[in-house]
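Protein chains: 2
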Amino acid sequence: MKKSALQRVRSEYQPKLPKALQGTVKIKIGPATESVADQEEIKKLFPHTYGLPIVEFEVSKEPETVEAPFNVGVILSGGQAPGGHNVISGLFDGLKRLNKENRLYGFLMGPSGFINHEYMELTADYIKDYRNTGGFDIIGSGRTKLETPEQFESGLKILKELNIKALVIIGGDDSNTNAAVLAEYYKNIGAGVQVIGVPKTIDGDLKNQWIETSFGFDTACKVYSEVIGNIQRDCNSAKKYYHFVKLMGRSASHIALECALETQPNVCLISEEVLAKKMTLDEIVNYLCFVISERAKKGWNFGTVLIPEGLVEFIPSMKDLISELNDVLAVKAEELEGLQPHEKLDKIEKMLTPSNAALYKSLPRHIARQLSLDRDSHGNVQVSLIETESLLSEMVSKRLSEMKDAGEYSGKFSAQHHFFGYEGRCADPTNFDADYTYALGMNAAMLINSGLTGYMSSVRNLTEKSEDWIAGGIPITMMMNMEKRHGHMKPVIQKALVNLDGRPYQKFASQRDTWAMETCYLYPGPIQYFGPAEVCDRPSMTLLLEHDKDA
Amino acid sequence: MKKSALQRVRSEYQPKLPKALQGTVKIKIGPATESVADQEEIKKLFPHTYGLPIVEFEVSKEPETVEAPFNVGVILSGGQAPGGHNVISGLFDGLKRLNKENRLYGFLMGPSGFINHEYMELTADYIKDYRNTGGFDIIGSGRTKLETPEQFESGLKILKELNIKALVIIGGDDSNTNAAVLAEYYKNIGAGVQVIGVPKTIDGDLKNQWIETSFGFDTACKVYSEVIGNIQRDCNSAKKYYHFVKLMGRSASHIALECALETQPNVCLISEEVLAKKMTLDEIVNYLCFVISERAKKGWNFGTVLIPEGLVEFIPSMKDLISELNDVLAVKAEELEGLQPHEKLDKIEKMLTPSNAALYKSLPRHIARQLSLDRDSHGNVQVSLIETESLLSEMVSKRLSEMKDAGEYSGKFSAQHHFFGYEGRCADPTNFDADYTYALGMNAAMLINSGLTGYMSSVRNLTEKSEDWIAGGIPITMMMNMEKRHGHMKPVIQKALVNLDGRPYQKFASQRDTWAMETCYLYPGPIQYFGPAEVCDRPSMTLLLEHDKDA
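Chains as they are written, first to last, in this note's numbering: chain D, 43 to 593; chain E, 43 to 593.
Honestly, the hints are just simulated from the structure, not real lab data. On a predicted model such as this, the values are computed, not experimentally measured, just so you know. Check before you lean on any hint, since a few could be wrong.
All copies of an identical chain are treated as equivalent in the list; a pair is satisfied when it fits inside any one copy or across any two copies.
[Stated by the list, open to error] Here are the simulated DSS-like pairs of lysine-lysine, each with C-alpha atoms no more than 27 Å apart in a straight line: (1) Lys103 x Lys187; (2) Lys454 x Lys170; (3) Lys392 x Lys187; (4) Lys319 x Lys403; (5) Lys549 x Lys537; (6) Lys549 x Lys389; (7) Lys58 x Lys549; (8) Lys340 x Lys45; (9) Lys138 x Lys58; (10) Lys138 x Lys361; (11) Lys526 x Lys202; (12) Lys440 x Lys70; (13) Lys68 x Lys389; (14) Lys591 x Lys142; (15) Lys392 x Lys340; (16) Lys386 x Lys403.
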């Protein structure tokens with residue numbers, strides 16, 4: 043494998059471990075736990091894995107003993123996140139420390155590799171090339187949902203064939219929910235296979251009291267903040283554009299919020315706030331126009347606006363419109379067939395209830411077209427394809443023209459659009475994520491060796507030095523509640539949305555008016571690996587603020 | 043000014059200087075020069091500044107003497123490029139070294155600040171915050187062309203008012219051409235004002251035997267390569283998308299070529315090659331489809347394609363079409379008025395000559411619409427707005443469907459689009475660009491102090507250690523020839539296109555088939571400032587290869 047100069051040097055980096063994981067570990071078992079809500083229902087669904095204790099590892103004074111050898115399988119599930127390769131490296135090193143005979147198998151391209159028996163053995167030589175690198179290309183990832191007994195049984199066959207005693211699933215909230223279901227299933231049938239989850243997602247929505255952050259969030263946000271900072275420098279140099287920047291985060295706005303704290307843009311929209319205040323699309327547009335026209339009064343016809351990818355689905359009126367569109371387009375499909383696009387749009391408008399028709403009419407034509415014509419395989423509007431950044435900038439442009447005609451605005455408005463997603467999901471992990479993921483992997487090996495199942499690998503106290511991090515395991519059922527998904531009540535891990543009472547949002551909210559009216563851009567620059575600790579090792583501002591640190 | 047952690051640390055960086063510029067300098071005057079072509083015409087146009095000698099600075103053994111104080115003005119012209127702030131810092135430090143009483147004035151928002159007398163004095167305290175940072179926000183930039191005697195006279199007034207004896211213009215080929223014209227003008231009227239140019243452009247098309255690279259190219263390419271590398275990791279992890287990445291570079295493909303050398307994508311299109319081979323749009327699409335279908339045979343339905351921004355204008359048949367569209371739309375404006383967009387497109391097609399009509403019809407509808415409907419203020423097609431990345435991917439998608447029907451292809455094709463420009467133009471300069479620009483600025487001060495005018499600041503031997511760099515000045519007229527611009531023959535600095543016989547292109551061409559059929563992605567990672575020299579100080583591969591170094 044030909045490598046870049048940075049790849050070559052960076053491959054030598056030895057991730058820093060918590061003290062407890064540096065040698066032989068001793069397990070400390072806490073009291074039994076309860077799920078965060080719906081205790082009775084969760085308990086009924088997980089009779090064998092409910093109520094397990096939180097465990098913590100401590101430095102052991104005992105001499106290292108060689109355990110009987112065992113094999114482990116690992117799956118990367120869902121979207122890429124920086125650090126996945128280090129989870130696997132840490133897991134591998136942990137297994138080898140326990141017994142040199144231990145083997146690690148990787149299932150290829152996500153859960154489907156497990157179900158279809160596509161796998162490879164991960165050797166020291168093979169893993170070497172992937173240490174401290176981004177991406178999930180070491181074994182690939184995939185989005186197949188691991189949730190049916192048929193899948194569990196099919197997977198069990200290959201586990202037995204390879205003599206695997208534990209499966210590690212690296213994934214987001216859904217994958218970890220499924221890991222818990224699988225753990226319960228194997229426990230119930232006495233399969234003799236443990237299941238351990240590892241918290242991954244750059245969206246940052248898998249976190250709670252015990253999982254302080256999911257891995258990859260830190261790195262991805264730093265990449266996005268780097269390019270946002272660069273764009274802001276350009277914006278402040280040329281002084282002639284408004285840059286509308288859409289960022290990943292469909293179900294939560296943690297990324298947008300973190301990037302805002304890192305870069306201090308003129309505007310950052312937070313989906314959770316839009317929902318809480320029941321804001322309409324018009325109100326959002328008006329807020330943007332207010333900021334733009336106030337800046338124009340100072341002669342500033344430039345600025346930056348950060349937008350979370352999922353915004354549209356958090357605007358109650360847009361959600362209503364999309365829902366009615368889904369119905370109308372299904373029911374009236376025949377009437378609409380064969381029409382020219384522009385005729386179709388006019389006809390659809392007439393089919394909608396008056397309030398939705400008005401909103402539909404107010405949208406830029408190409409967005410209305412996108413909503414009506416580009417459907418997924420179930421015939422539904424593809425919300426993820428909506429170009430929210432141009433939706434907003436075009437509506438702002440139109441509104442500003444009206445304001446100009448009314449004598450309320452006399453600036454110039456010209457917009458540039460950006461969407462950052464793939465740019466950050468596979469970046470080489472920051473020192474923080476490299477250390478954190480390596481520890482999560484090593485810790486998973488220790489959880490397996492302790493005979494546990496249905497646990498999530500947990501490394502906490504992350505705002506302190508890595509040697510003081512606390513390593514252990516949290517019963518996944520403890521993080522669950524019952525939620526409606528696709529019409530059915532299901533046990534799931536609670537998604538962590540941006541908490542409007544939390545310090546990260548509060549800090550943002552307390553400063554945003556200044557950022558809007560002044561030009562306070564910060565330029566974080568690229569991720570650094572070799573410089574002073576305050577540049578290289580600082581965790582995300584979200585994490586610092588959530589843990590009462592200065593940021 | 044609130045700063046990020048990296049900004050704080052990086053502001054302390056002391057750029058490395060060539061030996062010759064570290065103390066008192068001695069000037070070495072070379073033989074008289076000739077322009078690269080059209081000597082007689084250029085000589086006639088520049089009677090006072092033609093034929094000047096190349097000069098070089100050497101270490102002087104003389105003790106430092108304090109010269110009589112003088113004032114200097116500086117202008118940032120055109121698009122942002124990383125390192126502009128260090129040119130100004132180097133210029134400032136050079137002036138202060140010559141005499142603490144020297145003053146530096148910055149004209150605001152580009153040449154217009156010079157013409158309209160908008161300026162500020164640049165003090166040590168003010169400059170401090172901008173050292174080693176990207177952007178042109180220290181005084182702003184602008185695109186006003188400085189080319190008429192009225193502008194020269196208006197500028198002269200403020201120069202006299204501020205007692206400025208030399209003007210430094212930091213810009214691209216056009217701005218440096220204009221600097222030469224201004225130098226000649228002031229010399230001719232005996233204004234007593236020297237003019238010095240500094241070679242800036244991230245596009246990399248201002249370079250020749252004496253100017254090895256324009257500043258900013260190194261940094262911008264490294265930022266683009268970072269995100270392209272990240273996207274390639276993602277591509278190779280998810281294995282389900284083709285990423286079409288458009289990169290800056292309208293008139294030359296140096297950026298695309300450099301990024302290809304840094305990241306080894308599956309395909310990189312080079313405009314200069316397309317022109318040389320007179321390739322049609324269809325041939326380009328067929329080449330892409332060939333690569334995609336061959337990869338599909340291996341089960342690989344993913345890949346990356348780099349596209350230079352200016353590609354469309356290098357395809358002879360597209361150029362013809364655009365030219366005829368410009369005519370037709372001007373002449374037949376009345377006939378087209380009031381028509382619905384789709385009617386208009388149909389009508390335009392009938393107005394074109396058969397070959398252009400066929401090409402027009404083959405384009406995706408939204409591209410045809412863009413070509414026909416979005417016009418600039420002169421009524422011309424706005425080539426820069428054409429979404430070449432989606433033009434290509436849509437035509438590829440269509441062609442692949444046809445191939446599928448014909449049994450020639452059986453893969454899956456799904457595309458993602460990216461365009462990187464603003465992300466890199468204002469990044470913090472790499473060590474290379476930080477050192478290079480600081481030297482260029484310091485060097486400009488020495489050229490001024492030597493009484494020269496009509497020179498470009500030149501720092502050469504850039505692939506060696508910075509202490510061995512050669513500093514001096516090149517008469518701008520020496521780089522000129524006559525070219526047709528807007529219908530008139532004008533003296534201009536020759537633009538450097540990608541040389542198809544040069545080592546950078548040759549290296550690319552010799553490897554691209556392997557890159558296309560295999561998966562050889564490189565992941566350069568983010569720019570590093572503090573690590574080992576091979577990671578932090580390496581110049582661009584283009585520069586290394588052009589100077590017969592390994593890369």
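Which numbered hints fail: Per hint list: 1, 2, 3, 6, 7, 10, 11, 12, 13, 14, 15 violated.
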